Every structure is written in C-alpha cells, then in structure tokens.
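A.B. asks: Sequence:
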Amino acid sequence: MTDFIPCIWAFLACIPFGAVMNLRGKTLLFASLGGGIGWFFYLFSNPLQNDIMQYFVATIAISVYSEIMARLFKMPVTGFLLAAMLPMVPGGGIYYTMEYCVIGNNEMFIETGIHTLGIAGALAVGTLLVSSLVRLWHIVTQGRKI
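Quick note on the working numbering: the sequence shown kicks off at 83 and runs consecutively.
Don't read these hints as lab results, they were simulated from the structure. Take the hints with a grain of salt, since some may be wrong.
What the hints assert, rightly or not - Label-pair distances were calculated between CB atoms; the ranges are:
1. 107 with 192: 44 to 50 Å
2. 185 with 153: 47 to 53 Å
3. 196 with 225: 41 to 47 Å
Bear in mind the structure is a predicted one, so any value in this text is a computation, not a measurement. Idealized CB from N, CA, C, for every residue including glycine.
Given these sequences and hints, build the entire structure.
C.D. replies: This is the structure:
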C-alpha cells in the first residue's frame, strides 16, 4: 500500500494544475489520473536503475493514456498530456542547476544540468514517439499514403 501513496499524491497534485487549464468535471479527474498512472509507471520501472529511463517509460505510459482519453472525451490530447506530465517535470533539477551556477560550483552545475536535460529529453522523446506512432497508425488504418 505504501507504494501507491506517491501515486495518490501525484494524482492530487495534478488536479489544481488541470483546473488552471480549464479542465472540468470528469475531464479534470481523468487528466489527473494520468499523473497518478505516470508516477506508478515511474515507480514500477525502478528495476531499470536509471531514472532517465524511468522517466521515459512513465512518459510513454502517460502519452498512451492521454491519446486514449482524448479519443474517449473528444478533446485535444494536450489537455490530458500537460496535466498528467506535471509530476514528471524535473523542477528540482532545474532549481539545483541554477543554484550551482549562481554559487559558482561549475562541476555540480554541469553534472546536474546534463542530468536535468536528460530527463527533459526523455519526456520529449517519449511524447514524440507515442504521438508519431498514433499518427502513423491513423494514416495506415485510413488507407492514405504516407
């Protein structure tokens, strides 16, 4: 049970962010649920022992979930995706990167900055991969030429 508590916190953290993005009712709850699902996949992929890969796996799960929910609710994918990605944003890494830059600790600045960029890259590539595959799937199933 204690493994699911961070997932519940991720779900709860996404609710106000979704409300700011004008998501209402069921849409808000399902978009926030994506954040909890993403954090579950982040924790589930812990045996990979590489947090950048964990973020990548979680982003793929969030992106697939967002694509499905967007079709079910007939809404843009962006609303579901942005609300659900909130727990994945490497805010702490960005903060510490800038802190090390300001205090002049160049070694830690570079190390933390590269790690934070790796996480941001994993988020971008995971989203891009799922979005491209869904678009390709729609083209193939509709019988159009690429």
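A.B. asks: Decide, hint by hint, whether the structure agrees.
C.D. replies: Results for each hint:
1. The hinted range of 44 to 50 Å is satisfied by residue 107 and residue 192, whose Cβ atoms lie roughly 46 Å apart.
2. The given range of 47 to 53 Å is respected by residue 185 and residue 153, whose C-beta atoms sit roughly 48 Å from each other.
3. Here the CB-CB span from residue 196 to residue 225 is close to 45 Å, well matched to the stated 41 to 47 Å.
Violation of the numbered hints given earlier is absent; every hint is satisfied by the structure.
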